[in-house]
Amino acid sequence: MKILVCLKRVVDYNVRIRVKPDASGVVTDGVKMSINPFDEIALEEALRIREAGDAQEVIALSIGDADCQQQLRTGLAMGADRAILVGTDTAIEPLTAARAILEIIKREEPGLVILGKQAIDDDCNQTGQMLAALWDRPQATFASKLQLAGDKATITREVDAGLEQIEVDLPAVITTDLRLNEPRYVKLPDIMKAKKKPLESLSLGELGVTETLGLQIEDYASPPERAKGIMVGDVTELLSTLRDKDLIG
Amino acid sequence: MSKVLILAEHDGSALNASTAKCVSCAADMGSDSIDIAVLAAQTDGIAAEAAALTGVTQVLSVERPENAAPLAAVIAPQLVALAADYDYVLAPSTTFGKDVLPRAAALAGVPQVSDIMEVAGPRRFKRPIYAGNAIITVSVPEGSKIFATVRIASSRAAPAANEAAPITAADINASLPAHTRFVGLQAGGGDRPDLQTARRVVSGGRALGSSDNFDLIYGLADKLAAGVGASRAAVDAGYVPNDMQVGQTGKIIAPDLYLAFGISGAIQHLTGIKDAGTIVAVNKDPDAPIFEVADIGLVGDLFEVIPEIERALGG
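Those protein sequences? They're chains A and B, same order as listed. Residue 67 in our numbering sits at position 46 of the first sequence, with consecutive numbering throughout. Residue 1032 in our numbering sits at position 2 of the second sequence, with consecutive numbering throughout.
Calculated from the structure, these hints are not laboratory results. Predicted model, so just to flag it, every value in this text is computed and none were measured. One or more hints might be untrue.
[What the hints assert, rightly or not] Below, computed lysine-lysine pairings styled on DSSO-like, alpha-carbon distance capped at 30 angstroms:
no., chain 1, residue 1, chain 2, residue 2
1, B, Lys1304, A, Lys53
2, B, Lys1314, A, Lys266
3, A, Lys23, A, Lys41
4, A, Lys23, A, Lys166
5, B, Lys1314, A, Lys41
6, B, Lys1253, A, Lys266
7, B, Lys1314, A, Lys249
8, B, Lys1175, B, Lys1156
9, B, Lys1156, A, Lys249
10, A, Lys249, B, Lys1304
11, B, Lys1304, A, Lys41
12, A, Lys127, A, Lys214
13, A, Lys127, B, Lys1175
14, B, Lys1253, A, Lys249
15, B, Lys1156, A, Lys53
16, B, Lys1304, A, Lys266
17, A, Lys53, A, Lys41
Same shape as in the complex, but just chain A:
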């Protein structure tokens, strides 16, 4: 079985996000970029499945400009066998990404596609579900546990009400939640080895995917700031402040 893992290049989660003064976007110049943390968990899960002998090959896929090669090389250093970059210079929305991934699926025929439940830049939480719809296959979103048994998988999902278990037939799309695993650290020799692993580049156009004009972003704004708070000295003062605001009896 092959596993396809999708890696999105995003602003690193430790970076403090600032909106550009002209409201045209957020500042990304000179900012550290990384693999979307949820996608890193997706890759880790795929590698563990391969290491357990349930898959033979892990393919890392990214969609974006040439800089995404950095994240794909990191993915190869973590242990992916090969990488595919679908090139596009414009930001694409989840539906277009899902269409592109579907074209790669038709070529590679993976048994599992694993990706993050959301990207920490646009926080859309859509691509996996959309892909599963277009592919007409099961989806198991927000996975915190994945167990394979032949051509089936049982997934524990983190939902608002608790932990839900579902069983799906493979092939299927899995999206990862934070507690699925803890991704491994990349070692220096692996970074060297990763340079020799195959990285194929092709364009959205070559896949026959056209970008549809969907949602248009009109402007970016900073969130409203909360008014400055106060510090109280003890519990008595805390409770009297809360009583003054009529928040406790």
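Starting from the known structure of chain A, fit chain B onto it as the hints suggest.
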């Protein structure tokens, strides 16, 4: 004429409060009619609750045994079949809505607007990105059906109406897949107020140190009739179940009063509480980032502060 269809969220017997919030978001869109789709194995009680919300025009009831569990692969094709004559299709931005709606949008071949926090016009919406550190205004071109999830912390709940809307049984001709099967649900919560709708929430962090020590948080919450939340660190450490996590990847909440004990205030956590009315933070570390957003801060040891609060509150 613009028509809105809302996908009801429920637990099989009762309507989830997030649905009423979608109704008020739909009202903000200036729509001419607001219908609610209830897909369940038994719809009666849920449909009656939906029909009793102010602003609802009609409830569409789809009763099938396959709808016993909230499986996206099963719900989405039915929703798309129902959505044919609608301009907007809304679902709450809960794990249920997030799971189902993108699948439905893709089946319908249209993009989705996630997490509407404000309606800026009939086809213009504000939504948070980068964990709420930036807000974008997005517009959807004319001629395209709009699929969107509603950020429930940003919407008020539609109140009960004087007169109930009619309930219609809808017949759907959609073939449903058998490739996805529900196994079970291990519910985390107890009898406490639901975290996402509670007016008061007491939350604990890693500083609690153990699952047993979390009893302190539960005890105070019960005294205040509050829901209980936790930071990611406390969930990761196994002190509490995952459904209590508040933050970017957990629950986004907007209680009137949020009390955070031993939570340092990672930016991902703060995202989840930005809409709270009053944030109280108690932490031993005077430099904890939570104090930057707290309305009332107290530097102190939660193991001393909580019992002191309880004594002061009495009985």
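Going through the hints against the structure:
no. : hint                  : verdict
1   : B/Lys1304 x A/Lys53   : holds (26 angstroms)
2   : B/Lys1314 x A/Lys266  : holds (25 angstroms)
3   : A/Lys23 x A/Lys41     : violated (42 angstroms)
4   : A/Lys23 x A/Lys166    : holds (19 angstroms)
5   : B/Lys1314 x A/Lys41   : violated (36 angstroms)
6   : B/Lys1253 x A/Lys266  : holds (18 angstroms)
7   : B/Lys1314 x A/Lys249  : holds (20 angstroms)
8   : B/Lys1175 x B/Lys1156 : holds (18 angstroms)
9   : B/Lys1156 x A/Lys249  : holds (25 angstroms)
10  : A/Lys249 x B/Lys1304  : holds (13 angstroms)
11  : B/Lys1304 x A/Lys41   : holds (22 angstroms)
12  : A/Lys127 x A/Lys214   : holds (29 angstroms)
13  : A/Lys127 x B/Lys1175  : holds (28 angstroms)
14  : B/Lys1253 x A/Lys249  : holds (28 angstroms)
15  : B/Lys1156 x A/Lys53   : holds (27 angstroms)
16  : B/Lys1304 x A/Lys266  : holds (18 angstroms)
17  : A/Lys53 x A/Lys41     : holds (17 angstroms)
Hint check: violations occur at hints 3, 5; the rest are consistent with the structure.
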